[in-house]
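Peer 1: Spelled out, the chains give:
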Amino acid sequence: GAGVSQSPSNKVTEKGKDVELRCDPISGHTALYWYRQSLGQGLEFLIYFQGNSAPDKSGLPSDRFSAERTGGSVSTLTIQRTQQEDSAVYLCASSRTGSNTEAFFGQGTRLTVV
Amino acid sequence: AQSVTQPDIHITVSEGASLELRCNYSYGATPYLFWYVQSPGQGLQLLLKYFSGDTLVQGIKGFEAEFKRSQSSFNLRKPSVHWSDAAEYFCAVGPLSGSARQLTFGSGTQLTVLP
Numbered sequence: 001g002a003g004v005s006q007s008p009s010n011k012v013t014e015k016g017k018d019v020e021l022r023c024d025p026i027s028g029h030t031a032l033y034w035y036r037q038s039l040g041q042g043l044e045f046l047i048y049f050q051g052n053s054a055p056d057k058s059g060l061p062s063d064r065f066s067a068e069r070t071g072g073s074v075s076t077l078t079i080q081r082t083q084q085e086d087s088a089v090y091l092c093a094s095s096r097t098g099s100n101t102e103a104f105f106g107q108g109t110r111l112t113v114v
Numbered sequence: 001a002q003s004v005t006q007p008d009i010h011i012t013v014s015e016g017a018s019l020e021l022r023c024n025y026s027y028g029a030t031p032y033l034f035w036y037v038q039s040p041g042q043g044l045q046l047l048l049k050y051f052s053g054d055t056l057v058q059g060i061k062g063f064e065a066e067f068k069r070s071q072s073s074f075n076l077r078k079p080s081v082h083w084s085d086a087a088e089y090f091c092a093v094g095p096l097s098g099s100a101r102q103l104t105f106g107s108g109t110q111l112t113v114l115p
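Chains as they are written, first to last, in the numbering used here: chain Z, 1 to 114; chain W, 1 to 115.
Calculated from the structure, these hints are not laboratory results. Check before you lean on any hint, since a few could be wrong.
Some, not all, of what chain Z presents toward chain W, calculated at C-beta under 8 Å [to be verified]: (1) G42; (2) F45; (3) P61; (4) T76; (5) A103; (6) F105; (7) G108.
Just a sample of chain Z residues kept apart from chain W, beta carbon distances all over 10 Å, derived [stated by the list, open to error]: (8) P8; (9) V12; (10) V19; (11) E20; (12) H29; (13) Y35; (14) Q41; (15) S66; (16) S73; (17) V74; (18) A93; (19) E102; (20) Q107.
Ideal Cβ placement from N, Cα and C applies to all residues, glycine included.
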């Protein structure tokens with residue numbers, strides 16, 4: 001596609017429910033990143049996918065968070081048993097390779113846990 | 001561990017005035033350096049990046065940044081600010097090598113432009 005697409009753009013969920021956030025990277029981009037942006041905070045790295053390599057999950061804050069990338073393209077970030085502190089904007093980015101070429105960001109999914 | 005500091009949480013300037021946003025980083029070697037801008041409800045757009053070479057980097061929208069190794073700084077500048085520049089600005093660093101490829105971001109500087 002023309003850019004990184006994320007869905008939904010907004011999600012309100014009840015505490016304790018599971019949510020799935022989707023990211024469609026730019027076609028041909030082998031690297032995909034998930035970041036979390038909390039109110040008044042910078043961007044916090046969550047997970048990084050590069051081609052067929054094992055993902056770098058070092059930024060995931062707890063085992064309630066997981067992500068997968070199917071077919072080297074679309075990625076889904078899953079948050080189980082959501083908590084209020086999970087409320088944030090979740091941003092996805094992709095780049096042509098993993099060698100710090102320009103990362104293009106989606107518009108994000110605003111998650112609100114009530 | 002690498003870190004990025006943006007000491008100014010919020011800056012207000014008048015339209016037409018010059019702008020400098022500060023960024024300091026902590027890293028064991030020269031990293032890749034980036035400035036991104038985020039308008040409300042939008043994702044991040046890359047303004048400019050520094051990998052190597054000339055320490056004064058030109059970007060889009062009339063922005064430039066200067067890498068100063070001795071000061072571990074990468075400040076963003078614009079000689080004349082436009083009302084449309086009002087947004088949040090993020091400085092970021094990335095590794096030159098190794099398996100980690102994610103960027104480390106500063107906490108951002110919110111820019112308000114007065115008419």
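Peer 1: Are the hints correct? Go through all of them and say.
Peer 2: Okay, the hints, checked on the actual structure:
1. G42: holds (4 Å)
2. F45: At about 4 Å, which falls below the 8 Å cut-off, the nearest Cβ of chain W leaves the hint on F45 (chain Z) intact, so it holds.
3. P61: violated (14 Å)
4. T76: Hint on T76 (chain Z): violated, closest Cβ of chain W at ~18 Å, above 8 Å.
5. A103: holds (7 Å)
6. F105: holds (4 Å)
7. G108: Nearest chain W Cβ about 6 Å off; hint holds.
8. P8: holds (14 Å)
9. V12: holds (16 Å)
10. V19: Its Cβ never comes within 10 Å of chain W, the nearest being 19 Å, so this holds.
11. E20: At about 19 Å from chain W, E20 (chain Z) clears the 10 Å cut-off, so the statement holds.
12. H29: The assertion about H29 (chain Z) holds, with a minimum of 13 Å to chain W.
13. Y35: violated (8 Å)
14. Q41: At roughly 6 Å from the nearest Cβ of chain W, Q41 (chain Z) sits no farther out than 10 Å, so the non-interface label is violated.
15. S66: holds (17 Å)
16. S73: holds (18 Å)
17. V74: holds (17 Å)
18. A93: Nearest chain W Cβ is 8 Å from A93 (chain Z), so the label is violated.
19. E102: With a cut-off of 10 Å, E102 (chain Z) comes too close to chain W, as the shortest Cβ separation is near 5 Å.
20. Q107: Non-interface label on Q107 (chain Z) violated, nearest chain W Cβ at 5 Å vs cutoff 10 Å.
Consistency note: the structure conflicts with the earlier hints numbered 3, 4, 13, 14, 18, 19, 20.
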